[in-house]
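**Student:** Make the full structure from the sequences, and use the hints.
UniProt numbering puts the first residue of the sequence shown at 1, with every later residue one more than the last.
It should be emphasised that the hints constitute simulated quantities derived from the structure, not laboratory data.
Some clues are possibly wrong.
[Said to hold, decoys possible] Straight-line distance between alpha carbons at most 27 Å, and here's what the computed DSS-like set of lysine-lysine pairs gives:
(1) K50 to K134
(2) K184 to K52
(3) K187 to K122
(4) K107 to K178
(5) K182 to K134
(6) K178 to K52
(7) K122 to K152
(8) K182 to K78
(9) K184 to K78
(10) K107 to K78
(11) K184 to K50
(12) K134 to K178
(13) K152 to K52
(14) K178 to K152
(15) K184 to K134
(16) K78 to K134
(17) K178 to K78
(18) K107 to K134
(19) K182 to K52
(20) K52 to K107
(21) K122 to K78
(22) K134 to K122
(23) K78 to K50
(24) K187 to K50
(25) K122 to K184
(26) K184 to K107
(27) K182 to K122
(28) K152 to K50
(29) K184 to K152
(30) K78 to K187
(31) K182 to K50
(32) K52 to K78
(33) K187 to K152
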Amino acid sequence: MKRSLILLAVVVVMIGVAVYQNIEKSKPLASATTALEESSSANAASVEVKPKPGYTAPVLTLPDLADQNMVVGGQNDKLVLVNFWASWCGPCELEAPDLQALSEEYKDGMVLLGVNATSYDKERQAREFVDQQKFTFPILMDREGAATEQYKITSFPTSLIIDQNGIVRERVTGVITKAAWKEKIDKWLPTSNGSSS
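**Tutor:** So, in C-alpha coordinates, the structure goes:
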(Lines of atoms letter the chains of each structure in order from A; the text may use other names.)
(Lines give C-alpha, C1' and ligand atoms only; values in the text may rest on other atoms or scores of the structure.)
Protein backbone atom coordinates (compact mmCIF):
# COMPACT_ATOMS: atom_id res chain seq x y z
CA MET A 1 0.00 0.00 0.00
CA LYS A 2 2.83 2.36 0.95
CA ARG A 3 4.60 1.50 -2.28
CA SER A 4 1.45 2.39 -4.34
CA LEU A 5 1.16 5.80 -2.65
CA ILE A 6 4.80 6.61 -3.39
CA LEU A 7 4.38 5.56 -7.02
CA LEU A 8 1.21 7.67 -7.33
CA ALA A 9 2.98 10.71 -5.82
CA VAL A 10 5.88 10.35 -8.28
CA VAL A 11 3.46 10.15 -11.25
CA VAL A 12 1.57 13.26 -10.09
CA VAL A 13 4.83 15.22 -9.67
CA MET A 14 6.01 14.14 -13.15
CA ILE A 15 2.71 15.22 -14.72
CA GLY A 16 2.94 18.57 -12.92
CA VAL A 17 6.49 19.15 -14.19
CA ALA A 18 5.47 18.24 -17.76
CA VAL A 19 2.49 20.62 -17.70
CA TYR A 20 4.63 23.45 -16.27
CA GLN A 21 7.28 23.00 -18.97
CA ASN A 22 4.67 23.03 -21.75
CA ILE A 23 3.13 26.23 -20.42
CA GLU A 24 6.51 27.96 -20.25
CA LYS A 25 7.47 26.84 -23.77
CA SER A 26 4.21 28.09 -25.31
CA LYS A 27 4.42 31.63 -23.83
CA PRO A 28 7.06 33.00 -26.24
CA LEU A 29 5.22 31.43 -29.16
CA ALA A 30 1.93 32.97 -28.09
CA SER A 31 3.43 36.45 -27.75
CA ALA A 32 5.23 36.11 -31.08
CA THR A 33 1.97 35.04 -32.72
CA THR A 34 0.14 38.02 -31.21
CA ALA A 35 2.83 40.41 -32.46
CA LEU A 36 2.66 38.86 -35.93
CA GLU A 37 -1.14 39.14 -36.01
CA GLU A 38 -1.00 42.80 -34.95
CA SER A 39 1.64 43.55 -37.58
CA SER A 40 -0.32 41.74 -40.29
CA SER A 41 -3.57 43.51 -39.49
CA ALA A 42 -1.88 46.90 -39.55
CA ASN A 43 -0.19 46.23 -42.89
CA ALA A 44 -3.03 44.44 -44.68
CA ALA A 45 -6.17 46.10 -43.35
CA SER A 46 -7.52 46.65 -46.87
CA VAL A 47 -7.40 42.90 -47.59
CA GLU A 48 -9.83 42.15 -44.76
CA VAL A 49 -13.47 42.26 -45.90
CA LYS A 50 -15.51 44.80 -43.93
CA PRO A 51 -18.12 47.33 -45.00
CA LYS A 52 -16.17 50.32 -43.70
CA PRO A 53 -13.57 52.73 -45.12
CA GLY A 54 -10.16 51.23 -45.79
CA TYR A 55 -11.40 47.66 -46.10
CA THR A 56 -12.39 45.48 -49.03
CA ALA A 57 -16.12 45.68 -49.74
CA PRO A 58 -18.11 42.46 -49.55
CA VAL A 59 -18.73 41.01 -53.03
CA LEU A 60 -22.15 39.63 -53.84
CA THR A 61 -24.57 39.27 -56.72
CA LEU A 62 -28.07 40.76 -56.71
CA PRO A 63 -30.84 40.83 -59.33
CA ASP A 64 -31.90 44.10 -60.91
CA LEU A 65 -35.52 45.02 -61.69
CA ALA A 66 -35.41 42.82 -64.81
CA ASP A 67 -33.95 39.91 -62.78
CA GLN A 68 -30.54 40.25 -64.44
CA ASN A 69 -27.73 39.62 -61.96
CA MET A 70 -25.24 42.36 -61.13
CA VAL A 71 -22.19 42.25 -58.87
CA VAL A 72 -21.84 44.64 -55.93
CA GLY A 73 -18.31 45.11 -54.59
CA GLY A 74 -15.10 43.80 -56.08
CA GLN A 75 -12.95 45.37 -58.77
CA ASN A 76 -14.61 47.65 -61.29
CA ASP A 77 -13.60 49.91 -64.18
CA LYS A 78 -15.23 52.86 -62.43
CA LEU A 79 -15.79 54.27 -58.98
CA VAL A 80 -18.99 52.81 -57.49
CA LEU A 81 -21.53 54.56 -55.27
CA VAL A 82 -23.82 52.01 -53.61
CA ASN A 83 -26.97 53.46 -52.03
CA PHE A 84 -29.11 51.29 -49.72
CA TRP A 85 -32.71 52.53 -49.54
CA ALA A 86 -36.36 51.59 -48.89
CA SER A 87 -39.55 52.99 -50.43
CA TRP A 88 -41.01 53.90 -47.01
CA CYS A 89 -37.90 55.89 -46.03
CA GLY A 90 -38.59 59.65 -46.02
CA PRO A 91 -34.90 60.66 -46.15
CA CYS A 92 -34.42 58.27 -49.11
CA GLU A 93 -37.08 60.22 -50.98
CA LEU A 94 -35.36 63.51 -50.09
CA GLU A 95 -32.02 62.43 -51.54
CA ALA A 96 -33.44 60.69 -54.64
CA PRO A 97 -33.26 63.70 -57.03
CA ASP A 98 -29.64 64.39 -56.04
CA LEU A 99 -28.65 60.76 -56.60
CA GLN A 100 -30.26 60.75 -60.05
CA ALA A 101 -28.44 63.99 -60.93
CA LEU A 102 -25.11 62.60 -59.66
CA SER A 103 -25.53 59.40 -61.68
CA GLU A 104 -25.97 61.48 -64.84
CA GLU A 105 -23.23 64.00 -64.05
CA TYR A 106 -20.59 61.38 -63.19
CA LYS A 107 -21.64 58.69 -65.69
CA ASP A 108 -18.20 58.62 -67.35
CA GLY A 109 -16.30 57.86 -64.16
CA MET A 110 -18.77 56.45 -61.65
CA VAL A 111 -21.53 53.85 -61.45
CA LEU A 112 -24.37 54.42 -59.01
CA LEU A 113 -26.13 51.27 -57.79
CA GLY A 114 -29.35 51.61 -55.81
CA VAL A 115 -29.92 48.62 -53.53
CA ASN A 116 -33.50 48.28 -52.33
CA ALA A 117 -33.71 46.56 -48.95
CA THR A 118 -36.49 44.37 -50.33
CA SER A 119 -36.43 42.10 -47.28
CA TYR A 120 -37.65 45.16 -45.29
CA ASP A 121 -39.79 46.60 -48.07
CA LYS A 122 -42.49 45.52 -50.52
CA GLU A 123 -41.19 44.95 -54.04
CA ARG A 124 -44.26 46.50 -55.67
CA GLN A 125 -43.80 49.69 -53.62
CA ALA A 126 -40.08 49.73 -54.42
CA ARG A 127 -40.85 49.55 -58.16
CA GLU A 128 -43.39 52.38 -57.81
CA PHE A 129 -40.79 54.47 -55.95
CA VAL A 130 -38.28 53.92 -58.79
CA ASP A 131 -40.89 54.98 -61.37
CA GLN A 132 -41.89 58.07 -59.36
CA GLN A 133 -38.26 59.14 -58.93
CA LYS A 134 -37.48 58.41 -62.60
CA PHE A 135 -34.27 56.57 -61.68
CA THR A 136 -32.14 55.64 -64.69
CA PHE A 137 -29.29 54.05 -62.72
CA PRO A 138 -29.38 50.30 -61.91
CA ILE A 139 -31.69 49.29 -59.06
CA LEU A 140 -30.86 46.00 -57.35
CA MET A 141 -33.24 44.00 -55.19
CA ASP A 142 -31.92 42.62 -51.89
CA ARG A 143 -34.81 40.16 -51.54
CA GLU A 144 -33.16 37.89 -48.97
CA GLY A 145 -31.34 40.59 -47.00
CA ALA A 146 -27.84 39.26 -47.82
CA ALA A 147 -26.48 42.65 -48.93
CA THR A 148 -28.09 44.49 -46.03
CA GLU A 149 -26.53 41.99 -43.64
CA GLN A 150 -23.05 41.82 -45.22
CA TYR A 151 -22.82 45.60 -45.53
CA LYS A 152 -24.07 46.01 -41.92
CA ILE A 153 -26.92 48.36 -42.88
CA THR A 154 -28.85 49.45 -39.80
CA SER A 155 -30.61 52.54 -41.14
CA PHE A 156 -31.67 54.04 -44.46
CA PRO A 157 -30.31 55.60 -46.50
CA THR A 158 -26.76 54.31 -46.14
CA SER A 159 -24.29 54.78 -48.98
CA LEU A 160 -20.76 53.61 -49.70
CA ILE A 161 -18.18 54.77 -52.21
CA ILE A 162 -16.10 51.83 -53.43
CA ASP A 163 -12.97 52.44 -55.52
CA GLN A 164 -11.87 50.50 -58.62
CA ASN A 165 -9.94 48.03 -56.46
CA GLY A 166 -13.02 47.15 -54.40
CA ILE A 167 -11.94 49.13 -51.32
CA VAL A 168 -14.60 51.06 -49.38
CA ARG A 169 -13.53 54.72 -49.33
CA GLU A 170 -16.55 56.44 -47.80
CA ARG A 171 -19.58 55.33 -45.77
CA VAL A 172 -22.43 57.79 -45.26
CA THR A 173 -25.48 57.13 -43.08
CA GLY A 174 -28.34 59.52 -43.69
CA VAL A 175 -28.81 62.30 -46.22
CA ILE A 176 -26.07 64.71 -47.26
CA THR A 177 -26.21 67.56 -49.76
CA LYS A 178 -25.38 67.16 -53.42
CA ALA A 179 -22.36 69.42 -52.88
CA ALA A 180 -21.09 67.13 -50.10
CA TRP A 181 -21.55 64.12 -52.39
CA LYS A 182 -19.62 65.84 -55.17
CA GLU A 183 -16.76 66.57 -52.79
CA LYS A 184 -16.59 62.92 -51.71
CA ILE A 185 -16.87 61.58 -55.26
CA ASP A 186 -14.25 64.00 -56.61
CA LYS A 187 -11.87 62.99 -53.81
CA TRP A 188 -11.85 59.34 -54.98
CA LEU A 189 -12.54 59.72 -58.70
CA PRO A 190 -9.46 59.21 -60.87
CA THR A 191 -8.59 62.54 -62.47
CA SER A 192 -9.01 61.17 -65.99
CA ASN A 193 -12.66 60.19 -65.32
CA GLY A 194 -14.11 63.35 -63.81
CA SER A 195 -17.68 64.51 -64.09
CA SER A 196 -18.99 65.51 -67.48
CA SER A 197 -19.69 69.07 -66.32
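**Student:** Check the hint pairing K122 with K78 against an upper bound of 27 Å on the C-alpha distance.
**Tutor:** violated (31 Å)
**Student:** Regarding the pair K152 and K50, is the alpha-carbon distance no greater than 27 Å?
**Tutor:** Holds, at about 9 Å.
**Student:** Does K50 lie within 27 Å of K184 when you go C-alpha to C-alpha?
**Tutor:** holds (20 Å)
**Student:** Tell me if the straight-line CA distance from K178 to K78 falls inside 27 Å.
**Tutor:** holds (20 Å)
**Student:** Holds or violated: are the alpha carbons of K52 and K107 at most 27 Å from each other?
**Tutor:** Roughly 24 Å between the alpha carbons, so the hint for K52 and K107 holds.
**Student:** Given the hint that K182 pairs with K134, test it: the Cα-Cα distance must not exceed 27 Å.
**Tutor:** Judged against 27 Å, a Cα distance of about 21 Å means the pair holds.
**Student:** Could you grab the alpha-carbon distance between K78 and K50 and see if it respects the 27 Å cut-off?
**Tutor:** holds (20 Å)
**Student:** Quickly compare the C-alpha distance for K78 and K134 to 27 Å and report which way the hint goes.
**Tutor:** Since the Cα atoms of K78 and K134 sit roughly 23 Å apart, the hinted pair holds (cutoff 27 Å).
**Student:** Quick one, are K107 and K78 close enough, alpha carbons at most 27 Å?
**Tutor:** Holds: K107 and K78 sit about 9 Å apart, inside 27 Å.
**Student:** Under the criterion that the straight-line Cα-Cα distance not exceed 27 Å, is the pair K122, K184 satisfied?
**Tutor:** Given pair K122, K184 is violated - Cα atoms ~31 Å apart, limit 27 Å.
**Student:** Within a Cα-Cα threshold of 27 Å, do K184 and K152 meet the stated pairing?
**Tutor:** holds (21 Å)
**Student:** Compare the distance between the alpha carbons of K187 and K122 with 27 Å, and conclude whether the hinted pair is satisfied.
**Tutor:** With a Cα-Cα distance of about 35 Å, the restraint between K187 and K122 is violated, given a limit of 27 Å.
Figure legend: structure checked against the earlier numbered hints; hints not met, in rising order: 1, 3, 21, 25 and 27.
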